[in-house]
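Residues per chain are reported as follows:
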Amino acid sequence: MASLDDLKKRIASVKSTQKITKAMKMVAAAKLRKAQESAEKGRPYSIKMNNIILNLSGGISDKENAPKLLSGTGNDQVHLCVIMTSDRGLCGGFNSNIIKKAKSFFSKISNEGKELKIITVGSKGNDQLKRVYGKKIIENISFKDSKNPNYFDADKVGKKIIEKFETGEFDVCTIFYNQFKNVITQIPQAQQIIPLNNVEDKNSSDESYEFEPDEDEILSNLLPKNISTQIFRAMLENSASEQGSRMSAMDNATRNAGEMVDKLTIEYNRSRQAAITKELIEIISGAESL
Amino acid sequence: MSQEYKIDIVNPEKSFLSKDDVTEVVVPAFEGEMGILKDHISIISFLKPGIITIYSKTGEDKFFVEDGIIEFKDNVLSILTSSIINLKEMEKNKIQNLLKKAEEDAGSIGISDQSKYLIDQKIEVLRSLN
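Those sequence lines, one after another, are chains A and B.
Under our numbering, the residues of the first sequence are numbered 1 to 290, in order.
Under our numbering, the residues of the second sequence are numbered 1 to 130, in order.
Any given hint could be a false lead.
As the list claims (entries may be wrong) - Short, incomplete list of chain A residues facing chain B, as computed with Cβ under 10 angstroms:
{"no.": "1", "residue": "Ser38"}
{"no.": "2", "residue": "Phe152"}
{"no.": "3", "residue": "Glu210"}
Derived by calculation from the structure, the hints in this document are not laboratory data.
Note that this is a predicted model, so its numbers are computed, not measured.
Ideal placement from N, C-alpha and C gives every residue a C-beta, glycine not left out.
Put together the whole structure using the sequences plus the hints.
This is the structure we're talking about:
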């Protein structure tokens, strides 16, 4: 059994760890509120954008000559996966969940004999993937400097993706991120952004729009913007998820530390009591033998 | 009958402005300025750099935009833009900064005709503000 001194030290160290996790939980809770707010505020933009594109693609007359960003290159041989993770750790299963989802997608792709390219956004994802998929990672983007996700950053990623698409480096682009449901649940998502497959809800409106200039031109202007918007949305969802995940992870850690302190305290008291009893027995039996 | 309709201006970060007592909006559409009154036909268009003017009962508001998409449908005008500034809040040195940046962009080589056109528009608007 550990000595009293050792136990005392351990209790002290667990207590100080608990203080740290507690503080991190508080910070995450405060940040979560902000992140959630901005995720909600950002929603109207992406919803409206989606609506407009839906209406537009419904109204497009010449499907054959539709922009490639909408209809794709015609084959799906090369897949680009954009893995969006956080830059910081200690957030529970947040990053691992995305990576797990991505890895199962990767193996599906390679089983089908298709080529895979990876862009990682956020350093944690890069760390986890580079061991196995190091050669496939063509770029690693990290926004350590910007505190909150902003559109400017998303636009940078979007432009990079479009640039690569235009030079024919890939056919299909999928982004991976965590969708924020609530503090305890974040759902890893795989969303295909190129080509855009929004066929599922064509029931929007059949109303005819007037276009100025014509549909094609608007579409070719709008689609790149939509990519950035989708990425921005993913970033917002991700940052809310990250904070939520961190908060619950730290909450668990704090609780575990508390349990551990309790257990250790009991053990400490017991062994203290045992030591006293032992000493008493020694004294008594010493006195008796006289 | 009222002649008012609703306008929503959103940018990626938040909902920028929402008003439902608008009588007329003049937007710098790509192919020229366009005034939108109530019961306009459904339209989708995109914007070039310029000034959006909103006339409402409470007066008129002016905003500088660099780009954006507008959609008008069922008497709701939605403007999606990533860069919008209220002219009242726009200071002289900010205008000058933007102008300087735009002039630099215009000077760079290898830009397409369309972006050149857009930059020229921007410079023109900024100069008129200055």
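Consistency of the hints with the structure:
1. Ser38: holds, 7 angstroms
2. Phe152: With Cβ-Cβ at 9 angstroms, under 10 angstroms, it holds.
3. Glu210: holds, 4 angstroms
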